[in-house]
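J.: So that you can map any letter, position 81 of the sequence shown is 88 in the numbering used here, and since no number is skipped, the others follow by simple counting.
For the record, the hints were derived by calculation from the structure and aren't laboratory data.
The model shown is predicted, which means the values in this text are computed figures rather than measured ones.
Treat each hint with caution, since some may be false.
[Unchecked claim] The calculated label-pair distances, taken between Cβ atoms and stated as ranges, are:
1. Asp-66 to His-131: 14 to 24 Å
2. Ser-87 to Lys-43: 14 to 24 Å
3. Ala-176 to Phe-92: 20 to 30 Å
Glycine is no exception: its CB is placed at the ideal position from the N, C-alpha and C atoms.
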Amino acid sequence: MSEQATRRVIPIKVEPPSSLSQAERAAVLGACARLKGLPGALLPVLHAVQEALRFVPKDAVPLIARELNLSIAEVHGVVSFYHYFLQERPGRHVMHLCRAEACQARGSVALEAHVKAQLGVDFHGTTHDGAITLEAVYCLGNCALGPSLMIDQQLHGRVTPERFDALVASSRERP
8 MSEQATRRVI PIKVEPPSSL SQAERAAVLG ACARLKGLPG ALLPVLHAVQ EALRFVPKDA
68 VPLIARELNL SIAEVHGVVS FYHYFLQERP GRHVMHLCRA EACQARGSVA LEAHVKAQLG
128 VDFHGTTHDG AITLEAVYCL GNCALGPSLM IDQQLHGRVT PERFDALVAS SRERP
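Let the sequences and hints guide you as you build the complete structure.
T.: Following this line, the structure appears as structure tokens:
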């Protein structure tokens, strides 16, 4: 048997270059290093990445997978399953509008129409000025005070169209 017959070529998949900046890469690696010892570390790592970067960049997924010894599909599956994890860079403020049944019973369908008209965007969209990203959520745990929305982690209940307009004006004034 010749030497050529025993040699096997194993193709190597070259990963495309990452679009992560050095600071973003450092934030992802820091979150992984800090939290990978926890049982079920993926969710805490994803929360830490989103807290640091305001979203989970597409190019962070393979990095997280490698650091946690998971497949890219596992990490992507979790990021895409939970609506909380943003996969695109959001506006300066993120608004979560509750669409659960309790809020619907208290008028959230009409509020949703008003919100979309006032902002000029649909869910997952960002206003033209980059101020607000609108996201749907299916319960904020504020059922008795619906309709509810959350702006940058601050919960607001009994939101009327007029109150919404005031909240948006206030949000646009803040950096």
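J.: The structure should be examined with respect to each hint, and the outcome stated for every one.
T.: Against the structure, the hints come out as follows:
1. Asp-66 to His-131: 14 to 24 Å: Holds - the Cβ-Cβ distance for Asp-66 and His-131, about 19 Å, lies within 14 to 24 Å.
2. Ser-87 to Lys-43: 14 to 24 Å: 21 Å, holds
3. Ala-176 to Phe-92: 20 to 30 Å: 28 Å, holds
This entry satisfies every hint, going by the numbered hints stated previously.
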